[in-house]
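Q: One line per chain: the protein sequences are A and B, in this order.
In this text, residue positions in the first sequence follow this note's numbering: the first is 1, and each later residue adds one.
In this text, residue positions in the second sequence follow this note's numbering: the first is 1001, and each later residue adds one.
Keep in mind that the hints were calculated from the coordinates and are not lab data.
If you're wondering where the values come from, they're calculated on a predicted model, not measured in any experiment.
Misleading hints may appear alongside valid ones.
The calculated SDA-like cross-link candidates involving lysine to any residue, where the alpha carbons are at most 25 Å apart (straight line), are [claimed, not checked]: (1) 107(A) / 1271(B); (2) 1201(B) / 58(A); (3) 1068(B) / 31(A); (4) 78(A) / 1259(B); (5) 78(A) / 1202(B); (6) 1271(B) / 1259(B); (7) 1197(B) / 120(A); (8) 75(A) / 1183(B); (9) 79(A) / 117(A); (10) 1072(B) / 20(A); (11) 1184(B) / 31(A); (12) 1184(B) / 30(A).
The following label-pair restraints were derived from C-beta to C-beta distances [said to hold, decoys possible]: (13) 1120(B) / 206(A): 55 to 61 Å; (14) 1242(B) / 11(A): 30 to 36 Å; (15) 20(A) / 1079(B): 32 to 38 Å; (16) 1079(B) / 247(A): 35 to 41 Å.
Backbone N, C-alpha and C fix where the C-beta goes; we use that ideal spot for every residue, glycine too.
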Amino acid sequence: MGIHFRQVSHQYFSQQNSDYQAIYDITLSIEDQHEFICLIGHTGSGKSTLAQHMNALVFPTKGTVEIAGVLVSQKRDKKTDYNRLRKHVGLVFQFPEYQLFEETVEKDIMFGPLNFKVSPEVAKEKALESIRLVGLNESYLNRNPFNLSGGEKKRVSIAGILAMDPEILVLDEPTSGLDPQGKRQLMRLFKDIQEKTNKTVVIITHDMDLVYEYATRTLVLSDGNLVFDGTPDDLFRREELATWSLSLPQTIRVLKGLKEQFHLELNPYQKTVEEAVREIEKVTSR
Amino acid sequence: MANIALGRYVPYNSFIHRLDPRLKLFGLIVLMVGIFIKFVNVPMNFIVYGLIFILIAMMMMVSRIKFKTLFKQLKALWIMITFLLIINTIVPNSGAIAFSIGSWNIYWNAIFQTLYIVIRLVLMIALTMVLTSTTRPLDLTYAIEWYLLPFKVIRFPTHEIAMTISIALRFIPTLLDETYRIMKAQASRGVDFVSGKLSEKVRAIVSLIVPLFISAFQRSEELANAMEARGYNPSGKRTRYRVMKWRVPDSIALIFVVGLLSGIIVLAALKVDFVAIIGNLF
């Protein structure tokens, strides 16, 4: 099943300003298993618009999106229950902490499943399951979500989406506003979730280090066009990075610098800091 | 939902846009008074309404407001028109009977009364639209502040009120954006804002309002801190970036508006009847 974009364009209409086209003619397929996709691009490149197409929050103005077998096009079909699609594709918004509103964490997590007509007992189980999945323990379930720290709120709201048990999890800049350690923890968490549950995870991010370390596939948007679809290894070997307003990950940058400065024969394409250190040691010990 | 922009400021550079906001506010009130004045007889009333409408239509053309936006705004009036008509027919009336349904008499008076109210409403909405779409909300609050200045003598917090209004106006679009964002976030969690039973609808609205309030409070706290950090003192004396300047066109417009109102008052007071005058000519 998965999500299939077929020549999708989206234009925002405005009364005062001129109309604004967010994405152009995008064709791509996302499977509902095993993928860890990073969606990258400069600010205003259409990432969020593309992500909102993935669960029919936004309708294409041209082309079609097929979500879990349901065709979504410009025209809203009265017979189709678009709400149902949101169970298949869970979308976590940027600053998801703004969606919390219940008096306990448990109730807030149960809110999603209950909307999809899951029985309260099952929803309760799901809440317990997903709060563990995001790395918090069950003591949080009875706490007030508004008394949590920023990072904890983020985790709780992600648990709220996970409890709906979507096949594909889309996250819009989930790591923004967190410290570097928190970012890494959260990314590891998503990787964990993906490996444990076999779901596909799509993440919008600006952090190239995380992209290089975690993604199995990257999508690059530039001015609303899909300019790259492939592995991060391929991506960071491309010449056009600068024209897409992307930078290299830290590891590659440092290793490339060392290579040029000291004419070392090392392979700069190392995903993590540890691997980079090992590569340097290998070369220098010779 | 995205069409709440009706009557919003549209940045053109027309004659009316350039007029002083104080004059525009004054003009609005004066013309509204004019709309509510009653004349000798029915045809005379309609003639004057027609003249005022032509005037407002000209103002709309000058300030480049599309008539379409006005009609869009009037759509909601239909309910009110039927409601008014029903009320007016129920209230005891006298005069000529227009027609009767069974033993129920509908008088011409009732129909005319309803028509008057509807026409007045339409004219007022059009006028207000001319004002709000040609004047920046901030300029409008400056104008209000200027008119409130005399009350400063009795320690009325003029500046504070103007500041509160301008901040409230400033945050309307921000809060609207926020609302859309939260709606989308909750829709992702399976909330159906469009259909569903009443109890589901109530829950949907709660899931929208609670986060909206929380973020609004947060925002206001941040704004207050930011203002204090920049040394804001409500009782301090301050200058303005955009200074309101009274120019010659403003004086001309003022004379025109006041002249128009006096003309209307004179017509009403002297019980002038155009229909009779024209009839006497032939």
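Q: Look at each hint and say if it fits the structure.
A: Against the structure, the hints:
A hinted pair counts as satisfied when its Cα atoms are at most 25 Å apart, and residue 107(A) with residue 1271(B) does not qualify at roughly 71 Å. Between the alpha carbons of residue 1201(B) and residue 58(A) the distance comes to roughly 21 Å, so the proposed pair stays at or under 25 Å and holds. Distance hint between residue 1068(B) and residue 31(A) is unfulfilled; the C-alpha atoms sit about 46 Å from each other, more than 25 Å. Using a Cα cut-off of 25 Å, the hinted pair residue 78(A) and residue 1259(B) is violated, with the two alpha carbons roughly 56 Å apart.
Of the pairs offered as hints, the one joining residue 78(A) and residue 1202(B) holds, with about 23 Å between alpha carbons and a cut-off of 25 Å not exceeded. Distance restraint check for residue 1271(B) and residue 1259(B): the Cα-Cα separation of roughly 18 Å lies within the 25 Å cut-off, and the hinted pair is therefore satisfied. With a C-alpha separation of about 19 Å, the suggested pairing of residue 1197(B) with residue 120(A) holds against the 25 Å cut-off. For the suggested pair residue 75(A) and residue 1183(B), the alpha carbons sit about 21 Å apart, so the restraint of at most 25 Å is met.
Under the criterion of a C-alpha separation no larger than 25 Å, the hint pairing residue 79(A) with residue 117(A) is consistent with the structure, at around 19 Å. For a cut-off of 25 Å, the pair hint linking residue 1072(B) to residue 20(A) stands: about 24 Å separates their Cα positions. Distance hint between residue 1184(B) and residue 31(A) is fulfilled; the C-alpha atoms sit about 24 Å from each other, no more than 25 Å. A C-alpha spacing of about 22 Å is found between residue 1184(B) and residue 30(A), which places the hinted pair at or below 25 Å, so the restraint holds.
For residue 1120(B) and residue 206(A), the Cβ-Cβ distance of about 56 Å falls inside the hinted range of 55 to 61 Å, so the restraint holds. Between residue 1242(B) and residue 11(A) the Cβ separation comes to about 34 Å, which falls inside the hinted range of 30 to 36 Å. Range check, residue 20(A) to residue 1079(B): about 35 Å between beta-carbon atoms, so the 32 to 38 Å window is met. Residue 1079(B) and residue 247(A) have their C-beta atoms about 58 Å apart, which leaves the hinted 35 to 41 Å range violated.
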